Structures are given as structure tokens and as C-alpha cells.
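> Next come the chains, spelled out residue by residue.
Number of protein chains: 2
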Amino acid sequence: MSYDKAAVRAVLDKLAADGRDALTAPEGRAVVEAYGIRTPGEGLATNPEDAAGVASALGFPVVMKIVSPDILHKTDAGGVIVGVADAAAAAEAYRTIVRNARAYNPDARIVGVQVQEQLTGGHEVIVGAVTDPTFGKIVAFGLGGVLVEVLRDVTFRLAPTSPATARSMIDGIKAAEILRGVRGAEPADTEALADLIRRVSDLVTDFPELAEVDLNPVLATATSVTAVDVRILVDPDAGKTPQRFTRAEILASMNRIMRPASVAVIGASAEDGKIGNSVMKNLVNGGFAGAIHPVNPKASEILGLPAVQSVGDIPGDVDVAIFAIPAKFVPAALEEAGAKGVAGAILIPSGFGETGNHELQDEVVAIARKHGVRILGPNIYGYYYTPQHLSATFCTPYDVQGGVALSSQSGGIGMAILGFSRSARMGVSAIVGVGNKADIDEDDLLTFFEDDDHTQLIAMHLEDLKDGRAFAETAQRVSKRKPVIVLKAGRTAQGARAASSHTGALAGDDAVYDDILRESGVIRAPGLNDMLEYARGVPLLPTPKGENVVIITGAGGSGVLLSDACVDHQLSLMRIPHDLDEAFRAYIPPFGAAGNPVDITGGEPPSTYRNTIALGLSDPRIHALILGYWHTIVTPPMTFAELVVDVVEEFRAKGVHKPVVASLSGDVEVEEASEYLYRHGVVAYPYTTEKPVAVLGAKYRWARAAGLLTDS
Amino acid sequence: MSYDKAAVRAVLDKLAADGRDALTAPEGRAVVEAYGIRTPGEGLATNPEDAAGVASALGFPVVMKIVSPDILHKTDAGGVIVGVADAAAAAEAYRTIVRNARAYNPDARIVGVQVQEQLTGGHEVIVGAVTDPTFGKIVAFGLGGVLVEVLRDVTFRLAPTSPATARSMIDGIKAAEILRGVRGAEPADTEALADLIRRVSDLVTDFPELAEVDLNPVLATATSVTAVDVRILVDPDAGKTPQRFTRAEILASMNRIMRPASVAVIGASAEDGKIGNSVMKNLVNGGFAGAIHPVNPKASEILGLPAVQSVGDIPGDVDVAIFAIPAKFVPAALEEAGAKGVAGAILIPSGFGETGNHELQDEVVAIARKHGVRILGPNIYGYYYTPQHLSATFCTPYDVQGGVALSSQSGGIGMAILGFSRSARMGVSAIVGVGNKADIDEDDLLTFFEDDDHTQLIAMHLEDLKDGRAFAETAQRVSKRKPVIVLKAGRTAQGARAASSHTGALAGDDAVYDDILRESGVIRAPGLNDMLEYARGVPLLPTPKGENVVIITGAGGSGVLLSDACVDHQLSLMRIPHDLDEAFRAYIPPFGAAGNPVDITGGEPPSTYRNTIALGLSDPRIHALILGYWHTIVTPPMTFAELVVDVVEEFRAKGVHKPVVASLSGDVEVEEASEYLYRHGVVAYPYTTEKPVAVLGAKYRWARAAGLLTDS
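Protein chains in written order, with the UniProt record's numbering: chain H, 1 to 712; chain P, 1 to 712.
Derived from the structure by calculation, the hints contain no laboratory data. Predicted model, so just to flag it, every value in this text is computed and none were measured. Hints may be right or wrong, so weigh each one.
What the hints assert, rightly or not - EDC-like, lysine to aspartate or glutamate: derived pairs with alpha carbons at most 20 Å apart:
#1 P:K482 / P:E450
#2 P:K274 / H:E604
#3 P:K174 / H:D86
Work the whole structure out from these sequences, hints included.
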């Protein structure tokens, strides 16, 4: 697209010269027209006769609006009259508007009255761009009027947008159907609308000082889109972007931090109950194979390891310094660690930003920057990296190796992760506390885990993002390779208030987070337990090749609930072709219901489960199975579990890998059966039809976003 | 309100005489006007000149519409022209409309063209009434146009409605704010709208043959409501209502069935693996104290009890006959049981309506009716009533007594109920399988449990309701005394399809179920596990007196997630008054955050938890507490659990009963701590911030609907 950037620059220069921060309507119109956005025919009138003349030249009806740099909300000022039908009415409307404007604000400078072609028909939509504190420039799209204002039916994306992304915005609102024309209404030219969204997003990208651009309404007909009203605010600070490290810089630091050859524990202690003692024990007892250097000016050895007075006294290189000393001593110790050339400073102590002590936190960051040290924390429990047997934390050690990497912004949530992992025997590669995120944040972790062969899935609890754009861009790339699950806390108005008092972070608008995380391929977990269950289950399930999900159930009642859950989690129940239906029917009693769910009925022997599951695995048109088990004497829970594992493994050996999840209804023996299934890669739960489907739904959300459903 | 019923009857008589089932526009207008509903000024024109004259008399603009008994969708037929501005245009519009109508349907009888005052301004809303297969006459209210058609923003109630219910409909749509006037728009006269809803609901109640009444649009201004278009369909079958028993009749049967002195087992068997053997064992080993009579023509004694050939041979009265024989033998055996005077026939066998054998099911019901016997089932696992140690089922016996009564339509779900109950040690009064619901259904059970002193809460899994109106009316009454929790399966389009293939029941529209269940005070559980957790937790929590919920947390991160969950579950985080804030601050570190959540911070000793919780319990302005625990060495999990139980029991002893729930974050020891808390009446869960808040939310939903929040 070719834009007249010089025209925009001219308007902005004039604005700066005048010391204004809001564009007048004609200025706004000039700016968007320079970006190829159509606006209604119009003229500026400076007296009643003039208004009559301009209006007659445009053709009636016209709409007339006050032009004043001091009046932003024209309607509130009585500064808008619509449906002006002839020349006399135009002159009269001029007088009324000016009189209203003067009454509203006697000091307002009145430039004149804009006389504008009044468009009829079409749909009113809103296209806008704002500068979000988390994500920077974002574009918004919604249907005009009450739909946006009352129902908040609006969607957001990072600017600039691709053509596909712009189109996804138009399909992404709840009332999208309206623009396709319902009940005989005119459809909108959605391609032209998508084009308009791109132009707006390019405009704010090219001119970052445009803090806010509102095209409201835009009138979208079947053949054109016209920005009827344009409102633009300028703020020189709106163009500021946070400091970023390159991917290579991040990896250079993170590789040394996560896989250190040598760590120093500053504040190491021999005294039970001290944090510096717990950290030492966890490093030593956890089996860390690298060098461990206790630093304590008053000790000569701790846990059998020689202690040094200062980091500087350690022979050889040190990759990581773990700080287990009070906050006030951190700056001096960090200077020493920086001089020693550590890659990472793990700041366990609290007493920084979270308690209001922002100066100390800023001072520490400045020292780290000076020495090229990256900081994890402060105010954290530490971190685990199981491939190195590294438990750099004051909590208990954790050693069940596996493919799940987790992080949490809060220590409490970190402990929940640890407890859940241990209880569910979930194999993890890393658990990382990020705390105040004075420096290292989620996109640094994503960048490391992306290339970490020990990590298959990343799950993150977060309350805010310091640089949402960097996160979104990184997640967009990483989620193509590995599922990224995010629990975004503070997602509601009340929640956000709590987040604010907890971290001092600016509360983000949840709708913005939601849209942009989804667009980045992130799987958002609705709650803590969901995040943990997704993290545990998603890596076990093979990636489905297509959307065809089949439910096979011994309990019709479970089948109904599993179907409900499929709809809740955007899974598609396959429409079973006739031949497949016949094939299922061959295995089930005549009163069982084929179709989908396949209801094999309750009194069936193990062979019926086995035959129907084998059919589901063997038919290439079926991409995923959901099993509903009903406890009977004929097929007891462990019999069911063993036959399922047996048939699934038989097909795995043949190279057939499909996700299989199960819901078990029955007496307490179904708990053991569910655990057995889970241990063998079939995500199974007792007493719930929702959880297995939710985990499968998370797998599908990821696979869709990563473009892996090759059969669909 | 006074209605001209004779005018409506006259129109309907004419319609019947003509053999029509749809009212013409003038007839529809006459019917609603007879019920005091305003319609626009109008006249019928039968030629172009006539149209010009009628229009001139009404004043311009007018809207003109085809009148034909054969054209229902006037717009589709090109039979509507709006904004007709003068007499000449009216004549021309007449010609156009008639020409279009003839093109649309050459056989249509054309009565003429309706010329109608064209109203301007105001809001378009829809008011309608339909005959629902489950609930009978229901009224609907929504905002007109795309809001109803695309966003389905519509709400339903049983007709007739009270004034308060009609008002709740106007507040119950998502876009309710629009009618209150947003951004300078005109507010609607909501009292007049509520009045209109009542008139429509009275109309269909008085004339049940009105199958469908559509007032669309109704134009609602600040001063008037006018039904612009009226569409009414008549169906003589629309007035049919299902057979009902009186409350006294239901109780007479149900008391004998649930608390029998004597039961017969038809098809009792001594042979292991037979259903008739399992039932006998469960009755005997379960400890049932009443008389047990095995019935088997080929045995003389079973499990040490004398067997009889037929029910008729049993000496003395028999309350319940449990059928453990194949379906085809049921009719003859039921004749005998009926002759013996049993109150209830428990039909365990399948092979009735669920396999398509509706004739057999109808035959069995007819036999039961003849003898005054009530049927439970067929196609069920049986039922449990623990106060009598009665396990009348082929599943395993269950004996943990408590206040929860459960029912399920599906056997699979029944087994999940049993397993969950046993695993969670949930005390139950009853578990009842209702299966095909050939006779006894949920409102019979509700009526029994309402008066059953052993039951505190009722939880029901259902896929359909045979008589939704009877259920809603009973639930409305019962839920004032005891929480009623419903898991309605088949709530989505896909789910409903599965329900249909499973039970042959007509799939209800979920929006109708949702609104009417809520209006009846029922707590709807979103899923199976939720139903079970609500059933377990809600009775343990004291009923809150008001809406003020306070979160006390050791983990700020949990506080944010708990706040999120409060919003999800419609709980109000109390705005802490200054004096209370000061009181909390006295106990927590200076960098802790008072306000709500009260963040006591992570490193605190047990006394900080104890002091803040005691303050929360003692201050009468606080009505409920949510605790967030963070596992630390200073306050280990069991220390926390014991101090919480201690302080809660201390206040209970003083007569202070407030609901307290807890979320525990920590290593695996929090599991034991959560169980300890739960056993002592504090609903607590590890690794989840959602579940404890969901259970508290369920308690609040019930307390609000039952009008128990006396402090609010």
C-alpha cells in the first residue's frame, strides 16, 4: 500500500507548533485520507450562508458538526445535527450548533461548522488504534453503537496487522454474522473493512506518536467503507518502546543460567532454618553435578564445601550467583558478582518493588546492566532445572524429570505447582519463579525453553507482562513448536484490582490480553487447576491430524455429558459416514446407538470396548477418541484400563498415534484404573466428564494454532 | 387487569369456523387489544385510492403491509413498504405490494393492504409466548433485530408471570442497559414493558390454544409501548397438560417407597452374578431392618430367607416390589404386585422405551395406574435410602449417612455418584436411579425430600424433564427450604442430539431450561464434577447472612486468582471500611496489603493467620471468608489447618456461623490439611483456587434465591 506520509507529517508538525495534542476533524480527515481511507464529502462553513452553500454543493441530506480544538465530544456539546434537509435548514443548523457550543464552553475556539455528506444504509462499525501499556500499538474492531458500548463486542490485535489477521478480526466479533448480512440485510464489504484495519494499523505504526485513532463510526456498505468521524490524539511518549535483548543475547545468558557449570550461594549458611542453608542443602542433596561455592565471610566450610568470603575469591568462572541475603546487602554483593562475570543473579530476597522499595530495585537493575548480568527475581523461591539436577531454591527439591517447564510470578502458585507435580508424578524440566520480574521475564524463559530439548511444553502463571509485545512475538514463534499454556491472573476487574495492589503492575484490560494471547497461539487456562492439568496431560497426547472426534461410551449418560463438554471446548463430533456407522453397529447390541457418541450400552463385555476402540484407532478418518466407561461386573475398571492400554499400544506399535482420553464412572476402583491409564498415555479421570475433554480441547487449540491439523 | 375475553373468543371462534390456524394481522391486533395492548393507528385499504385516503387520515409517514391468510412472512414476500411519505406514494405502494404478493404466491387470498401509523424513535423489543414441549406456556422477551437474532439475547419465564418476574425479564437480558438509556439515548418505559409481558402471558394462559404469540417489534419509548406487528398461531393441542398427582398423593406413595416396612424381590436368586442375587445381598448385608421377601417360583429359601412363588403369597402388607426379572415378564408380575397393594414397583430391567420398546413401557404404566402403583424406572440400578439402611440395587451397598439426596437419569452417572461419595466420604440420605422415568420423576422425589428430615440438599442429574412445569413449581417451593442442585445434561446443541438418541426425550432448548431453572431457585451445576462437589460442600457451609466476602491470603498470587474466581461466581468482594482496614493492618506486616484481599504475606507465623481470621469471623459486617494458604516452614500445612478449625470452632461455640472456604498452595502435605479442614466443615482444596470459591458461590446462589441474605 502506498501512503502519503509527508501529508501526515505536515499535520503533526503543525500540531506540535501549535502545542496541541488533539487533531481537529479536518486534520484527522487529512491524516486518514493520506493513508487511503475514504471519508464523506464535506466542507467547512464559517457562517450560516456559507453552510447553506456548502450543503447545497454536497447534496442533501447533510450532517453538520462543530469544529473546535476545545470540543472533543461534539454530541455532548450539542454540536451535531443530522438529517439537514435543505439550504434554509443548513443555515439554521449552523446558528444552533454555534450557540450550543458557546453555551457548552464559552472559551472554546470555534473554527466553524463541518458540513458533511450524510451517508445512509450500511453497517456502523468502529475501527481504532490505541497505545496499550502492555502491548504497545494495538488495533480494535467492533460493531458500532450499543454492540460495542453495552455488549463490549470488540476485538484487538497487535499493530501492524497482516491481511489474514485483519480478516480474523472481522470474523472474531460475536456479532460477525451481522456483517455477512442476516435476514435480508445488506452484507458489508469485509475485504474493504480488513483493508481499512490494515491502513489504520500501518498509520499508528509509521507514526507512533499517534496515541489514539478512533474511526467511529465507519459506515460499511456492500461496496464501500467510509470513515464518517475521525478522532486522533497525539502523545510524544506513545512511541516509547521497552529495552529488548536479541535472541542471541538472551540465549547466551539463559543457557549459562539454566545449565550452569558453577554456582555461588551468597549468604550460604550452615544454620538450619536459614534460607541460605535450605538453598545449599537443595543444591547438594538434589544432586547438582556442577561446582557449588558457598559464600559467607564468617564461615570456612558449609555442608562440607569450602566457603569463600566473596564471590571474587572463587577460583575460575561462576555462571550463577544465588542471593540468600537481605535486600539491603544485595547491591554491594551484586557489584562483586558482576565483576566476577556471572551470567545470572538469582535474587531470592523480598523487600524490593513488591514492598514499595522501587529505588532499591532500580539500583540493583542498574548494577546488573552495567556488568551484563541478568537478574531472576527479586522476591522468588528460586528455580529448578531437572536435567542438571538443579534445585536452586529454598523449597524442597524436585527430581521427577519430564517435558513440562513451568513458571510462576507468585511464590504461592509456585508451591502449588510443586505440590501438584509431586502428587501427580508430573515430570518437569524446570520450575522457575519470576517474582517481581525486574529483568528476566516470560519471553526470556520462552526463548530458552524453545531450544531446550528437555522441554516439550511451557506453562506460565502470570499477573502481568512487562513487555507484552515481546512476549506475544516470542510466543507466536515458540508455540509453533511447543504448546505454551498461560494462566493469566487478574483477568477480571476485581482480580485486576488485586493484582495492582500485589505487584504494582498496571492492570491490563483482559479482553486485550485474551485476543492477543490467542492470536499468538497461546492456550489460555481458565484457572490454576486447569493450567496444571493441561500441563500434565497435553504432552502425553499425540497431536491429532484432524478435527474428527469420536466418543465411544458404555454409559449413554456419560455420552451426553461428554458431548456437552466437546461443545464447551470447541471439539467437533465427527459426522459418522454410513460405512463406518455400519462397522460400529457390527460390534454393539441392536439397541445400542451408533452415530456419535457410539453408545455400546452398559452390560457389554471387554471385547465390545476393545473392538470399537480398535475400529476408532484403525479408521484414518477418525482423529481422536473420547472414552466413557461405566463400571459393571462384566467389565471391571482395571479390565477396562488394561484393555484400553493394550489396544492403544498395539496401534502405537503399528505407527498409529491418536489422542485418547477417558472418563470413568464407577465405584472407587475407577481411581486406580484412571491412574493406570494416565501412566500409559491415556489421559483419564474418575467422576468427571469435563476434565478429559478439557485436556483434549487444549491439545486441539494448540494444534490448530500451530497449523498441525493436516487432515482438516 | 381487566380483559375483554369475549372479543378474543369471538376471533378464535371465527378462526375455527374458517378452519384456519393463523390469525390475520387485524385479527391479531384485535386479540392483543382486547388484552389492553396498544397497537399503532391503522386501517385496511382494498384499493390504491383507499390506501391514499386511509394514510392521509392517519398522517404520514405510514408503513403498508400485505394482509393475506396465506402469507405469514410478509417481508420475504415483498409485502411491506415503510416510510410512505404522501398520498400518491401510498397509492403506488398499494399497487407494488399486491403485485409482489401475487408474484410470491399466485394462490394467496389477498384481503387488502394494512396502512399503519409509522412510529419513530424508541427501542425495538420482542415479546412473545410459545408452547414449550417441556414447560408449556412460556413468555420470551428480548431486544429486537440483530440482538435477538444474532446474539440470542433473549430471556424466558413460565406464563403466567408475576409483576416482579416480568420486571426480572427486562433486567435479565445482556443488553438491559440499552433500555435504561445509554449515551443520551431515550430510556424505555420499563414498567409499561413489564405490564405488556404480563398481558401476553395472561392471554396465552387464558387461551391455551394460542400456541404462539409474537409481538415483533414492540416499540418502547419513554412514555409508551406499542405492538407494531402481531403474529398469532393457534393449535388446539397446545392446551394439553400432563397428568399430575397431588402433593398428598405423591407423599403417600413416596413415604412407603422410600421408608418401606416390607420389600419383595421379584426374581430373587441364590446364584452369584445374577441381578436378583446382588439385590438380595445388598438388602441383607446392607442392614435393612424391614421384612425382605424373596420371590422365586423355583426356590424355597434364598440367603436364609423363606422364598415365595408369587408376591400374592407373602403374608401381610408389602410396600415395595423390586423387579429383577427380564422385561417381558414384568407385566404379569406387576399385575400380581398391584393386586397385593404394593406402593412402588422398582423396575431394574432394561428393554423398555430406551431400546425402542415403547409399547411394553406403556403397558406396564397402564397396569400400574390401574392398581395405584407408582413405578421407579425402568432401566435403573435401583435406589438407596441410608436412614433405613436400604440398598435396593444391584450395585455395591452404601452406608455413609448424611444429608445429601442424589438422583440420576443414567446408570453411568449413578455409579459416578456412588464412587465419588465413597471416595470423598460424602454422607448421603439417598441415591435414586430414575432411568426412563416412565412414572416417578424428579418432582416426585423433590416432594419427598422436601419433608425428609434426613435430607438437607438435593442434587439431580437429568437429561430431560417429563413435566418441566411441575418440576419448576415444586423446585420453587422446595428450594426455599433446601438447596436443589441440577446437572442438566444435553445442554448444548450437540449434547441435546446425544440425549435424544439416548432417551428418546425431546431435546429442550437450553436457554429455556437455564432461565426457568434459575427462576425456580435451582442451582445449576456446569458439569458432573461440579454437581458432586457442590453436593458435598454446600451442606457443610453455614448460610451467609449477607454479600460481604473477604479473602485472607498468605499468597498474594492466590489472592488475585481467588478474586478472579469471585467474579466468575458472582461473589462480592467487600469494600473494607476504614476502621476494619486499620484493624486488619494491626496484624499484618507493613508491606502486606490490606483492602480485599487481605494479603498477610507469605512469611507469617500461625498467629497472623489466626488473628486475621478471628477478626473476619468476629466483625458482623463480614459475611463469608475465603482463605488462601501458602505453605511455608513457619506455618506448615497441618498447623494452618488445625488453627483454622480451632478458631472456626471457637466462634461456632459463641454462635457465630459464617461460611469459610480455603485454597491451599503447597507441597503434598496440603492434601492431608485440606481433608482435615473439610472434615471439620471448612470446604478446602489443594492446588486449586477455583473449586472452593465455586462451592461458596453455589451456596450464595441458593441463599439469594431463597431470600436468606437478611443483612443485604
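> Does each hint hold? Answer for all of them.
These are the hints, each one checked on the structure:
Restraint check for K482 (chain P) and E450 (chain P): satisfied, since their Cα atoms lie roughly 7 Å apart, inside the 20 Å limit. A distance of roughly 15 Å separates the Cα atoms of K274 (chain P) and E604 (chain H); the hinted pair therefore holds under the 20 Å criterion. Distance restraint check for K174 (chain P) and D86 (chain H): the Cα-Cα separation of roughly 41 Å exceeds the 20 Å cut-off, and the hinted pair is therefore not satisfied.
The structure does not agree with numbered hint 3 stated previously, though it agrees with all others.
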